[in-house]
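Enquirer: With the hints as your guide, set chain Y onto chain H.
For the record, the sequence lines run as chains H and Y.
Under my numbering, the first sequence has 121 at position 121, and the numbering climbs by one with no breaks.
Under my numbering, the second sequence has 275 at position 275, and the numbering climbs by one with no breaks.
Hints in this document: simulated from the structure, not taken from any laboratory.
In this text, a Cβ means the ideal position worked out from N, Cα and C, and glycines have one as well.
Check each hint, because a few of them may be wrong.
Covered by chain Y, per the in silico footprint, the following chain H stretches (three or more residues, Cβ under 8 Å) [stated by the list, open to error]:
#1 75-86
#2 90-104
#3 186-200
Result set (SDA-like, lysine to any residue): computed pairs, CA atoms no more than 20 Å apart in a straight line [unchecked claim]:
#4 Y:K387 / H:S56
#5 Y:K455 / H:S56
#6 Y:K387 / H:P94
#7 Y:K387 / H:T12
#8 Y:K455 / H:H95
#9 Y:K131 / Y:A329
#10 Y:K387 / H:F13
#11 H:K113 / Y:R474
#12 Y:K455 / H:P94
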Amino acid sequence: MADIDLFSVGKTFTGTPALQDITTRFDDGEFVALLGPSGCGKTTLLRILAGFEEPSSGRIRIGTREMANAETGAHIAPENRNIGFVFQSYALWPHMSVRRNVSYPLEIRRLSKSAIATQTDAALASTGLEDYADRMPSDLSGGQRQRVALARCLVSDPCAVLLDEPLANLDVALRASMQGVFTDFHKRTGATMIYVTHDQAEAMAMADRIAVMDQGRIQQFDTPQILYERPKNRFVAEFVGRGTVVPVQEFKHAGDAHLARIFGTEVAVQSAQQEVQVSHVCLRPENLTISENGDLRSKVARVTYMGGKYLLETVTDCGARLFAETRARFDVGAQLGLTITTPWAFLED
Amino acid sequence: MHVIQQNGSSRSEARLFNTILLVAICLTLAPVLRLFVEGVTYQGSPSFVLVRDVLAQPSTLSALKHSMITAGFGTLVSLVLGAAFAFLVALTDLRAKAALVFCLMIPMMIPPQITALSWTQIMGPSSVLLKTLGIAPPLGAPQPLYSPQGIIFLLGIQHMSIVFLTLRAGLRSIPQDVVEAARISGAKGLRTWWQVVMPLTLPSLAAGTAITFVTALGNFGIPAMLGIPAGYATLPTLVYQKLAGMGTTVLAEVSVLAMLIGAVAVAGILLQRLCQSRQKLHLVGSTSRPLALPLGAARLPVEIALWSVVVAILVLPMFGLMATSLVPAYGVTLRFDTVTLASWYEVLFRQPVTSRAFANSFGLAAGASVTLVMICLPLAWLMERRKTRLARLFDSLLDLPYALPGVVLSIAMILLLINLPFTEATLYGTIWIIFLAYLARFFAVMFRPVQASLKQFDPSMDEAAQSVGASLYRRLRDVIFPLSAPAAAAGAILVFLTAFNELTVSALLWSSGTETLGVVIFNLDDSGETGMASALAMTIVFVVVVLMALIQLLSGRLPKGVVPWQT
Numbered sequence: 001m002a003d004i005d006l007f008s009v010g011k012t013f014t015g016t017p018a019l020q021d022i023t024t025r026f027d028d029g030e031f032v033a034l035l036g037p038s039g040c041g042k043t044t045l046l047r048i049l050a051g052f053e054e055p056s057s058g059r060i061r062i063g064t065r066e067m068a069n070a071e072t073g074a075h076i077a078p079e080n081r082n083i084g085f086v087f088q089s090y091a092l093w094p095h096m097s098v099r100r101n102v103s104y105p106l107e108i109r110r111l112s113k114s115a116i117a118t119q120t121d122a123a124l125a126s127t128g129l130e131d132y133a134d135r136m137p138s139d140l141s142g143g144q145r146q147r148v149a150l151a152r153c154l155v156s157d158p159c160a161v162l163l164d165e166p167l168a169n170l171d172v173a174l175r176a177s178m179q180g181v182f183t184d185f186h187k188r189t190g191a192t193m194i195y196v197t198h199d200q201a202e203a204m205a206m207a208d209r210i211a212v213m214d215q216g217r218i219q220q221f222d223t224p225q226i227l228y229e230r231p232k233n234r235f236v237a238e239f240v241g242r243g244t245v246v247p248v249q250e251f252k253h254a255g256d257a258h259l260a261r262i263f264g265t266e267v268a269v270q271s272a273q274q275e276v277q278v279s280h281v282c283l284r285p286e287n288l289t290i291s292e293n294g295d296l297r298s299k300v301a302r303v304t305y306m307g308g309k310y311l312l313e314t315v316t317d318c319g320a321r322l323f324a325e326t327r328a329r330f331d332v333g334a335q336l337g338l339t340i341t342t343p344w345a346f347l348e349d
Numbered sequence: 001m002h003v004i005q006q007n008g009s010s011r012s013e014a015r016l017f018n019t020i021l022l023v024a025i026c027l028t029l030a031p032v033l034r035l036f037v038e039g040v041t042y043q044g045s046p047s048f049v050l051v052r053d054v055l056a057q058p059s060t061l062s063a064l065k066h067s068m069i070t071a072g073f074g075t076l077v078s079l080v081l082g083a084a085f086a087f088l089v090a091l092t093d094l095r096a097k098a099a100l101v102f103c104l105m106i107p108m109m110i111p112p113q114i115t116a117l118s119w120t121q122i123m124g125p126s127s128v129l130l131k132t133l134g135i136a137p138p139l140g141a142p143q144p145l146y147s148p149q150g151i152i153f154l155l156g157i158q159h160m161s162i163v164f165l166t167l168r169a170g171l172r173s174i175p176q177d178v179v180e181a182a183r184i185s186g187a188k189g190l191r192t193w194w195q196v197v198m199p200l201t202l203p204s205l206a207a208g209t210a211i212t213f214v215t216a217l218g219n220f221g222i223p224a225m226l227g228i229p230a231g232y233a234t235l236p237t238l239v240y241q242k243l244a245g246m247g248t249t250v251l252a253e254v255s256v257l258a259m260l261i262g263a264v265a266v267a268g269i270l271l272q273r274l275c276q277s278r279q280k281l282h283l284v285g286s287t288s289r290p291l292a293l294p295l296g297a298a299r300l301p302v303e304i305a306l307w308s309v310v311v312a313i314l315v316l317p318m319f320g321l322m323a324t325s326l327v328p329a330y331g332v333t334l335r336f337d338t339v340t341l342a343s344w345y346e347v348l349f350r351q352p353v354t355s356r357a358f359a360n361s362f363g364l365a366a367g368a369s370v371t372l373v374m375i376c377l378p379l380a381w382l383m384e385r386r387k388t389r390l391a392r393l394f395d396s397l398l399d400l401p402y403a404l405p406g407v408v409l410s411i412a413m414i415l416l417l418i419n420l421p422f423t424e425a426t427l428y429g430t431i432w433i434i435f436l437a438y439l440a441r442f443f444a445v446m447f448r449p450v451q452a453s454l455k456q457f458d459p460s461m462d463e464a465a466q467s468v469g470a471s472l473y474r475r476l477r478d479v480i481f482p483l484s485a486p487a488a489a490a491g492a493i494l495v496f497l498t499a500f501n502e503l504t505v506s507a508l509l510w511s512s513g514t515e516t517l518g519v520v521i522f523n524l525d526d527s528g529e530t531g532m533a534s535a536l537a538m539t540i541v542f543v544v545v546v547l548m549a550l551i552q553l554l555s556g557r558l559p560k561g562v563v564p565w566q567t
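If we strip away everything but chain H, and leave its shape as in the complex, we get (with noise of 0.2 Å):
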């Protein structure tokens, strides 16, 4: 087990920056998400840290180890690094039984037989694959199958497990439920586990902090409560949660209050403490009340039932789209006052 550092990587693919100065640190034992539209650098970052890829710029180092460093041209192979890997596609060797699967790592490092055995059973109880050792992995089902994949990165006790979209190509449900054997895992073992995903609600249910990346550069890497309520910028406000980025018209300070003009309404704003100066606020649903005389008047342009509530997209008289929920139906065209409480603002450069 050890920390992750990263010191101003950058990796550029004949040209086209993929990666840039990313410089951040993973805490030993930490459940970090990368999360992030395709094509954003996630998976390049996670392939460098598991040594697929040299990086173009910068050093890597994890726990007391440099495992790549491209001034140095010094770069640690894949295969000696101790890590553990989930591919999207599990890449379970399809010529090898679930047991040997699982088993193959440590034949790699030469145990002796019956070390072999404990450790590949440990590894299978520990993923409830007891059932299945002898199967062939073409008899298994997609969570199975991820599983067998966990419980072959866990064997050879890896100092960090990647894990590359694991669940993207698994049904709702199942994921769900594999969600669950990745949290109680990590709780479990204390390993250190960087997991690459598209998927907000998935990051958000599993991860310690979330690094949130967009053009090769990590836009903001919080707890998901602080990304949610206190976005950094434009592209998170919108990329986390349903949010709805308007600009301030004027700002001032009124005591310990903020106050920010929007829509042409003056409300009490949120920002951070240094921040003297905002450009922007985001509105979520919670920040916005539905009542006869808000302030706001809009539009319901479409309605979507979510269970037990719906969710508004209506468009204010000056054109912005805005989302607002509400336990009440209403039709679309009709008119309603929005009343803004407290969002969060935040200066966008």
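Expert: Below, chain Y without anything else, positioned relative to chain H:
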């Protein structure tokens, strides 16, 4: 997400890659290069004197003319037969397609000298089969196959499978919805075929034609068995006759002839590449279900017609071969009281040359298969991962020794190995020159199926092994090799099959003690021992069909594109 992997692999991988690539280049491309150098030097300096001299000889010009005529018209015969079969098998609802395809592949797998031998056994005045049936032409009548027409006809039959396979592969890549769209628009039957299917298949038809022409041009067995008795020499037989008659003194001269065949062949290959690159444009849309246009009432007659052709070109000659091998002396009528296994016994158990040739051919074929697996498997895998310039260049040239006519490769091998650099030693006259020639010739046969299977290989299989700590050697042994083993096995069987009864290359490279089976059959027939030649040929046909059946059984476990008759 998955970008081309240039980095992240260990140094040992780079070392291994460079070593194997170097070995492969030396094996396949060095001989071709050596031949080229020989043709354009005269007494140690670059010159075209030799080229001019050889090209001015009347025998060269007539052989070139004969080669073009027989290969050209032979291709035409292949085209008509192969295209008819391909269209009917690929587009319609014929029954028992798999069996039909399997039978159509057999002519390609049976060595040409045996094809020639078997056909001469069902024609001409001394045909045992015709005599037995009482319809033999009178004694003294000419053997009709000892003629340009005979060569053309047999070349056509021998290579129809090539046209059939390329065209069928092209037809299969036509999306079904294209044809369905034509039918829903009201196009019927032949109109669909003529206006939609035909234009889409022209590139593959052209590619198949070009490669058939190249193969027919390089064919040695058929013009040697039929043309030499008729005094009708093609370029490959001219090279053979010169080298057999005068030995290595005419090496420089025949290397020019070899280059001449090579030049025509390369033109054909380039044409084929051009056609195939144009074909890629059409590969859009779903091709999941094969087309099956209903033939309706015409189905049974068509099926009968197709199977009759198969019987005529496959079964009938085999009967001729069988009949000849079962009579005590050539020309005797086959009756219950004349049936004898004497020829079989003599050739299989008494003649020392046969058992020697069996051992040689078996050893060469098995050795070449195993060696090529060892080279091609890691090479194909590393080439998938490291797309360097040199690797891509090699990828585009590695078919050359297989596509070039066998005599061209033989001459190149002799030139390369007659004086080993820095020593007095020579490999000419030893079995090793044949072995190395086989490695060069069948490299592509082994490499392409393995490459096809590795292209479909999920790179994360290897990365998973890498992430759990497996070294390059362990990954090759435990993951890459087992997963591509079926393709490697199919490739190895194909190499074995073609090398086992190969004649064209060994005809110029054998010497006493290093005869191959192909050479023995050719020599037996040449010396009038037709009965024994037929018995040996039947044995080889049997081995070929058994091995083909083996691949057929394996085919369920193979990725698409590995079994040549199932692409």
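Enquirer: Next, verify each hint and record whether it holds.
Expert: The hints, checked one at a time:
1. 75-86: This one holds; 10 residues, not fewer than the three required, reach chain Y with a Cβ under 8 Å.
2. 90-104: holds (count 6)
3. 186-200: violated (count 0)
4. Y:K387 / H:S56: With a Cα-Cα distance of about 19 Å, the restraint between Y:K387 and H:S56 holds, given a limit of 20 Å.
5. Y:K455 / H:S56: Outside the cut-off at roughly 27 Å; violated.
6. Y:K387 / H:P94: Violated: Y:K387 and H:P94 sit about 26 Å apart, past 20 Å.
7. Y:K387 / H:T12: Given pair Y:K387, H:T12 holds - Cα atoms ~18 Å apart, limit 20 Å.
8. Y:K455 / H:H95: 18 Å, holds
9. Y:K131 / Y:A329: Holds. Y:K131 to Y:A329 sits at ~13 Å (cutoff 20 Å).
10. Y:K387 / H:F13: 14 Å, holds
11. H:K113 / Y:R474: 18 Å, holds
12. Y:K455 / H:P94: At roughly 16 Å apart (the allowed maximum being 20 Å), H:P94 and Y:K455 satisfy the hint.
The structure does not agree with the numbered hints 3, 5, 6 stated previously, though it agrees with the rest.
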